[in-house]
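Protein sequence lines, in the order shown, are assigned to chains A, B and C. Numbering-wise (the numbering used here), the first sequence opens with residue 1 and increments by one. Numbering-wise (the numbering used here), the second sequence opens with residue 1001 and increments by one. Numbering-wise (the numbering used here), the third sequence opens with residue 2001 and increments by one.
If you're looking for bench data, these hints aren't it; they were derived computationally from the structure. Any given hint could be a false lead.
As the list claims (entries may be wrong) - Interface residues of chain C toward chain A, partial, derived using beta-carbon atoms under 10 Å:
1. 2021
2. 2031
3. 2154
4. 2165
5. 2231
6. 2232
7. 2263
8. 2465
9. 2590
10. 2628
11. 2633
12. 2661
Treat the numbers as computed from the prediction; the structure is a model and nothing was measured. We put the CB at the ideal spot given by N, CA and C, even for glycine.
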Amino acid sequence: MDVDITLKVDGIQQRIAVDPRTTLLDALRERLGIYGPKKGCDHGQCGACTVLLDGRRANSCLALAVAHDGAEVITAEGLAADGKLHPMQRSFIEHDAFQCGYCTPGQIVSAVGMLAEAEAGWPSHVTRDISAAKVPLTDEEIRERMSGNLCRCGAYANIVPAIRETAETARSR
Amino acid sequence: MKPFRYERAEDVSGAVATLAGERTGEYLAGGTNLVDLMKLDIMQPDVLVDVRCLTSGEIEDLPDGGLRIGAAVTNSEVAADARVRSRYPVLSQALLSGASGQLRNLATTGGNLLQRTRCPYFYDTTTPCNKREPGTGCSALEGCNSGHAILGASRHCVATHPSDMAVAMTALDAVVRTQGPAGERETPITALYRLPGQEPERDTTLEHAELITAVDLPALELSSNSRYRKVRERASYAFALVSVAAALQVRDGVVLDARIALGGVAHRPWRARKAEDVLRGAPAIEQSFRAAAEAELADAVPLRDNAYKVPLAANVMTRTLLDLTEGR
Amino acid sequence: MTTTTERRAIGASVDRRDGPQKVTGTAPYAYEHRFDNPLYLFPVQSDVARGRVMRIDASAAEALPGVVAVLTHESAPRLADTSDSELAVLQAGDVAFRGQYVAAAIAETLETARYAASLVRVSCHQEHHDVELRADRDDLYKPDTVSPDYPTDTQEGDFDRAFSAAAVKLDETYTTPMEHHNPMEPHTTVALWEAGDLTVYESTQGAHWDRATLAQVFGLDQDRVRIIAPYVGGAFGSKTVHANTVLAVLAAQTAEGRPVKFALTRQQMFSGVGYRTPTIQRIRLAADGDGHLMATCHDVVDQTAKIKEFAEPAAVPTRTMYATQSRRTTHRLAALDVPAPSWMRAPGEAPGMFALESAMDEMAIKCGLDPVEFRIRNEPEVDAETGLPYSSRNLIACLREGARRFGWADRDPGPHARHDGRWQVGTGVASSTFPVVRFAGSVARISYLGNGRFLVAIDAADIGTGAWTALAQIAADALGADVDDIDLRIGDTRLPAASIAGGSSGITSWGSAIFEAARAFRERHGYSPSDGDQAEASTPENPDAGNYAMRAFGACFAEARVDADTGEVRIPRMTGVFAAGRIINPKTARSQFIGGMTWGLGMALHEESLVDPRFGHVLNHDFASYHIPANADSGQFDIAWIDEEDPYVNPMGSKGIGEIGIVGTAAAIANAVYHATGIRVRSLPITPAKLLG
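So here's chain A without its partners, still in its complex pose (with noise of 0.2 Å):
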């Protein structure tokens, strides 16, 4: 039995009927016709259809569209603004931080939700003072924090120093 429910999917409100089986992920491709997000393993082992789901990075996967009816979702779409691209889209072309492109869209979304992370001080695997209210992001920081995306075609030596750039501009405004 099908059941309604609303998502905020890129800034506007979706109302569609799901399967309780349905996943967030399979909601927004397959009932929205949204393709950013992308099932590379569906188990939530690749990232490769990282959303943010209530401003936070998650694997859309795994979550059940029903269990997450009301919530507000960005996708690598939405990031880009009137046209325009976001400037982690923009530092991902300029450092060719993809090849195949099929985890690019996740990797762009969790690395804006990463950074939300490390500007609020939380801590990662290789964070040396645990305690310590702020944490330095390293290339070191950048790599742990974005190991929950794969990339087969290993990219991430570009990914790295995209995602640094795009955080040094913005601190630096």
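Once you have looked at the hints, place chains B and C on chain A.
Below, chains B and C alone, put in the same frame as chain A:
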């Protein structure tokens, strides 16, 4: 995935009452483990009762100096909490070493405790597994078992528990608060998990419809000198081969108190009481640490592919305790 | 013979033109086009590795609302050509490997199709299966050729005599595990069958190749088959036609004009879309007192499927890498009840050079020579495999420049040379190589659009390689136009034919066709063309193909840190220096080299498909248990290339670079791990368990 009914409740009591009446139902919080298992038909509940917003999403200070972590607090929030980071760094480190940023943002305290083993035979409905289908046999016993248990296993099941958070909480003597059909109770985490014995299908001592509402961390003087060390095959985003959660109190070169738990070695987080006994009163030097590790691992039973876990666990315990002693 | 035109676009670091779509998630991969009223397919897979389907009970599945059909070998449409056993899907009840498709559910929603498939009860008569590769099997056989068509065995001189007479000897066996490609985009097919016309949106390395295969298998006129593939989320050799594509088309034939969508789950990626065979490789080397190789022997044992032969050519690079007085190489196969292996990034080269370059390191140490010097000392004059001179070979320059950049001078030969806290630190080097491959049969069509703009049409594929951009650069220079005035169309069989993206052949094959078409265009229409003016040309044969051996070379250097307590390995930095002719686009080329080396990192430390012989399938069939490098595993990459002018390879002077990055890397890492720890690991992956003291 089998069709199921999705239910919401007004409050915890309502959720308990709803699930108590559904023998084949489950609670749903973050879903990061349950939905994973449902997609593969390993778990097939007929009803999901959504508790993600019902239990407490707060971390409260307890009068004795401990912390009460609401079951709905996400893994990220626990790891980032300033009090957890300064008073129980082992817990923050354990959480940060697990999963990915995205998973930690959805996964909850309650759900993390209840995550199920990663044994590949459990995860594959075409291979026999006593945990998934009692009586069908343990495929891992004589199979590919490099990730399996060296302690506390039985011929019926050699699976390990995958949670890093639970290992840290085990070292800290956390207490799990629940509300179930029979009322509220508190279960020390060391009594929450079972060894497989003859009933590997039961991971915990919880009753059906018993809902985890919070986890209490007692005030422990030595908990601020604590560390989690996780060994894995890639630098991040992987389950432990072996892990150690340790807290240590040393004065004048002698170990006053120690709390140690091991991950990746057994059906549950393994509280290393034998090691702790050897350590109390011993000089805080490598020799003592190694002796303690050896005492704890003396009864280890390696399988065909996991003998490496014995020296690995010994090395990691020794090194972690040394690091805690030397303030590294 | 080359045409040299003014180079303005070639050699420029042009941003990928598919960038804006990829970063906004609006580039449509196969699943992501707009489809009207689609159906969804979910397969049922065998749970025996060998046997026969005796009975299928689909009643519970068929009774579900929304289920349109359950296909079985009894109900599926008949294929015209079943001679390729891998593609003879649902035609007979035979089961040839565990995980083979034995039925499929077709339904209105994805959830229904998947659930329906889980309700189909398939009873199989199970036969004894054989899935274990071992070097001591008594049924190893010699294939006619090794992929694609190299001689199986070669011999120069008298290896046995030279080996026994030599001063310094090595006789070791190296093994690599089964590995799976695992592109991020799973294999995906959306098939639409309308009144005898077949349209397939496919994630493929070669739309024309796919069309030819499907036309053959289904007995169709190629003109009535269209394959559309503008964006492909990685392939690495796995995205040719496998059973999944055939199954989707069979379903479409029963779907009365509705598109059928079939995307594999990650779990399904481990059974039936190709993989790299495990290898068992015995290497024997012998040298004289001055470190000159006197005898080289490389014996390879691979597995193949009983239903379809694929022979991984692991000993082929040994036929060309170094000068040696005598040499022998052999390949033997074990035919097993397993899915068919296939090309996986650098087939042959990747596993073969792990073995050879590890052995060279061991030999250098035995000879008391620096590993870089030992390789330089054994540089050949000509290509021993063909007897031809190289069109260009700059391995020595790569080794020297790499050593300089990496900081190799004054290296303590070790092992156990350096510590940093609990880290044991070591360094290693390995050579790499990859042939220059040119496939025939690509056609490029160039049309003038007016206003200085040109349309270049060729059914090439960009699987992440950057072809969308590089081909536009080539067209720009070939025409003498601006790259921004080139409108490129690829990935559709409505475009002129093109060869498959594989063998690092794309730029050579497609670029040469574009070059020829541009020349034809200017010859015919000059420099003031009219709107609609057109010219077409196909990939010419290389007139120098019989005169020179054409290969790219490289050198890989790695630093390894091994934790003394745990055996965990980290590779904080790698240097790769390559001699690959002219680099079309430095920005995307650097990414290709890094991507290949990251594959090498995974090959060395992480990747292994585990098979439990009692069951016969890959147990660790997901991304949680089949490890590929995560971002935290990836360190600093220092990439450089030698300025190499090669007028013989193709009009651009370029060599294929998509695969060479993986080739030396695993050995460089294994050699660095030895240097750090004194432990020589000859069996990949190098896991902590293998390094615990």
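Verify the interface restraint on residue 2231(C): the C-beta must sit less than 10 Å from at least one C-beta of chain A.
holds (7 Å)
Using Cβ atoms only, decide whether residue 2154(C) comes closer than 10 Å to chain A, and label the hint accordingly.
violated (33 Å)
Hint residue 2661(C) vs chain A: min CB-CB distance below 10 Å?
holds (8 Å)
If you take the shortest Cβ to Cβ gap from residue 2590(C) to chain A, is it below 10 Å?
The hint holds - residue 2590(C) has a Cβ within 10 Å of chain A, the shortest such distance being about 7 Å.
Hint residue 2465(C) vs chain A: min CB-CB distance below 10 Å?
holds (7 Å)
Measuring from the C-beta of residue 2165(C) to each C-beta in chain A, is the shortest one below 10 Å?
Residue 2165(C) check fails; min Cβ-Cβ to chain A is 45 Å, beyond 10 Å.
Would the hint on residue 2628(C) be counted as holding, given a Cβ-Cβ threshold of 10 Å to chain A?
Check passed: Cβ of residue 2628(C) comes within 6 Å of chain A, closer than 10 Å.
Hint check: 10 Å Cβ-Cβ cutoff, residue 2232(C) to chain A
holds (7 Å)
Supplied contact hint for residue 2263(C), tested at 10 Å Cβ to chain A:
holds (7 Å)
Proposed interface contact between residue 2021(C) and chain A, which counts if any beta carbon pair is under 10 Å:
For residue 2021(C), the interface hint holds, since the closest Cβ of chain A sits about 8 Å away, which is under 10 Å.
Once the shortest beta carbon distance from residue 2031(C) to chain A is found, is it less than 10 Å?
Holds - the Cβ of residue 2031(C) comes within 10 Å of chain A, reaching about 8 Å at its closest.
Would the stated hint for residue 2633(C) survive a check requiring a Cβ distance to chain A of less than 10 Å?
Given a least distance of 8 Å, the restraint on residue 2633(C) holds.
Hints 3 and 4, counting from the list given before, are not met by this structure.
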